[in-house]
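> Here are the chains, one letter per residue:
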Amino acid sequence: MSDPGAHDWSILDVDPLQQTVTDADAYVRTLMQWHFGPETGSPFWLKRRATLGFDPLTDVKSAEDLALFPNIVDEFRDIAAEDLVPRGLGESPKIAAVFESGGTTGRPKRFLMFEDWFTRYLAWAGRKAASGLGGSGINLLATTPSGPHMIGEVTVRQSHALGGKRFSIDIDPRWVKKLIERGQTEELRAYVDHLVDQTADILATQDIGMIQTIPILLTKIAERPELVELVRSKVKRIAWGGAHMDPDTRAILREEVFPGIPIVGGYGSTTILSVAVERKEEQPSGLATFDPFSPYVFFRVVDPDTGRPVPYGERGQIVMNHITKFALIPNNLERDTAIRVPAEDGHIGDAVADVAPVQTFEGTRVTEGVY
Amino acid sequence: MTASEGAPVFARVDAITEAGEYRARAGKPLRLPDGREIGALSEVPRLYVTRAFGRLAQAPVLPYATRLEMLAKAADLFENAVLEGQSVDDYLDLVSLCAGVPRAIAHASVAAIARTLRALPDTLAQEIPRGAVTDLDDPRLRDGAAYWARRGRTLAVHASGNTPGVHSLWPSALALGYAVAVRPSSREPFTPQRLVRAFREAGFASHVALLPTDHDVADVLIEQADRALVYGGQSVVDKYAADPAVLTQGPGRSKTVVTDDVDWHEHLDTIAASVANLGGAACTCTTAVLVEGDLATAHAFAAALAGRLAEVEAGKHRTELPEQTARQLADYVEQAGKGTTPYGRDDIVETVRPGTAVLHPVVRVAADAEAPVLGVELPFPCVWVAPFRRADGIAPLASSLVVAAITEDMEFGRRLLDEPGIANVYLGAHTTTWMKPGVPHDGYLSEHLMRTKGVIR
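Protein sequences, first through last, are from chains A and B.
The first sequence begins at 252 in this note's numbering and counts up by one.
The second sequence begins at 1302 in this note's numbering and counts up by one.
Be a bit skeptical, because a hint or two may be false.
[What the hints assert, rightly or not] Chain B side only, calculated, beta carbon under 7 Å to chain A, not exhaustive:
#, residue
1, R1326
2, A1327
3, P1330
4, P1346
5, R1347
6, T1351
7, V1389
Everything labelled a hint here was simulated from the structure, so no lab data went into it.
Computed from a predicted model, the values in this text were never measured in an experiment.
C-beta atoms are modelled at their ideal positions from N, C-alpha and C, and glycine is treated no differently.
So here's chain A without its partners, still in its complex pose:
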């Protein structure tokens, strides 16, 4: 780690155990120094500072003050990737990948996944969602998007952690969205069946211990008795993410179709460069509840009309924040709604339960599709 100037930046080192940040406000103040310091900030933020209408160095004193920032994620559709590299990371920080958003609400946005962040985030996720299968050598079947989409590379790393082989089927979520927008439901059905058929072939012929996929694939697998049998006899863990799973489908899958096999969700977004993991303990609400890697990533659940938090237990729209030395993507009002749940262990922000898509977003009809 390079160390420009006399600053002590150590508080910004990401801790997979979530223990080094004891004062989130102090963390945020140091982070402002980093992203808006001429020797440490990225070209994007150094330039953008002039048009913010406030001075992040003096006006942002707490995590709460991050709400001063405008939502800048739309600008990530056009920013050159080079302009997103904070200078403080050194000459050539290792970049794992350039990831793009799914394009649910327009053209894709691009984000840099730095290897250092990726490794530390995965260490946290592996600890939080511990399956007991790490190093067991079991094989992973990933029917997920890959290419520009974060989840594909996440499954590569997951498979390394399991110590087995990774079998994969690719999904093109952008094409799915086109089919939905055009009302080509027959084509869509054929495409999803095509995904299920490919998944079935691997399930039938290979020794698969874990499945990572999207909700509709699990539903479709559950509709084919021969596939249900294969999963019951081979699979020790099922993970889903990328789109929403309604609580009734979740209950049917867990209680009736695959009893005894853990079915664990993830709620991710490219705009937070990570996936919030599902709480292990069954919640009194019976709803899937997700915790992000706080304080580096945190959520707020707000009334979109006022921007104020909704009461715990009520539904609001999700505001996402990624605030690390690798990227500053604050105060991003997302397309999704969720029930607000207190964060764990005194971490800042909210946990979210029963995530669901909003119907329209900034005047664009939201086509959630499969991812």
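Assemble chain B onto chain A, guided by the hints.
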């Protein structure tokens, strides 16, 4: 979900399958016309529907006689029993309050549904092709005969909520040996709920399901079922036009025509009843009246009909609607009826309680029988009148569920019978809402569900 304060009833409609009643976490409120919440309707996801169909498709086919006995038993249960804690009176309260249907109409519908179920042995005996047998042990098969066979195992029904009477049709599928899943209308889910409970209690344990869903999942029922029966507007009819497995029940556009060999003055009661029976909401209610003669005759007739409807209306045929819906319908009448001449009340919306309104009958004269407005069907007594001449042909009467022809001219009657776009022809002084078990409504449902197969053994 709790009922709001002061609401007179509480309602809960959940999914029903072989496994019992299932309360989904997802759902939507059930409301009175004035917007007050009185409970909730479950909405099950795709996976619940596909699993339900998996079981329906494996329901054992019971002997024909057993099915008919169970249907008769179900008729008694539906009409009289306390089902899952619900008495008939509770049920009638819900139907009349929620759907805005007058209680007398709801009560008559219940009796009509029960009558239809009890009449199934006779009606199916009439529906079966004369050359067909229903049992492999029938001796006629020794020489070869037609066998009446199901086209599939499962039927999906997308019900509508205009009147409870729509639910008198699909139960015949149970008699034919189908397993049936009904997606209720959120406006009036109570009749199919009670029917499904009655059928289960009567012995159709694995043959019938109630599957309330949201709009998107509704299509899954159609996708999963072998055959489907779908109620809806013109867009629904168009959507499934190319799918032979789907029988649509769209707008009825039912019409009454009066020829000049009879005196229309003598038939005003019949015609007023055709317009206003069943709250004017049924697909068999008269939407247009064609009066043979010149435009002046049409105007004279419309004035007299409006007067007669005002009397009928003083009685019992008032459907209560959310006030906002009533105003939208009134606006739509203005818009669609541009250029037509109104008779009767000018302001057709009457607020009966805050948030609740009734619509007074609309009678309007169009200049000619080709006017497109004659096909505009609204769920309250609303009728378009136009002049007509037999000599000009019957094109204006095509595309009608029912044509009631008040005429002495049987040659004219034969022309109506030959028109493929007309489903039912009632000749003489009959209402378009006339019905009788055994007389088809839009063809026999069995035409959609059954076929003959040649068999010899």
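> Does each hint fit the structure? Answer for all of them.
Right, here's what the structure says about each hint:
| no. | hint | in the structure |
| --- | --- | --- |
| 1 | R1326 | 4 Å, holds |
| 2 | A1327 | 6 Å, holds |
| 3 | P1330 | 15 Å, violated |
| 4 | P1346 | 5 Å, holds |
| 5 | R1347 | 6 Å, holds |
| 6 | T1351 | 5 Å, holds |
| 7 | V1389 | 31 Å, violated |
Against the hints set out earlier in the document, violations occur for numbers 3, 7.
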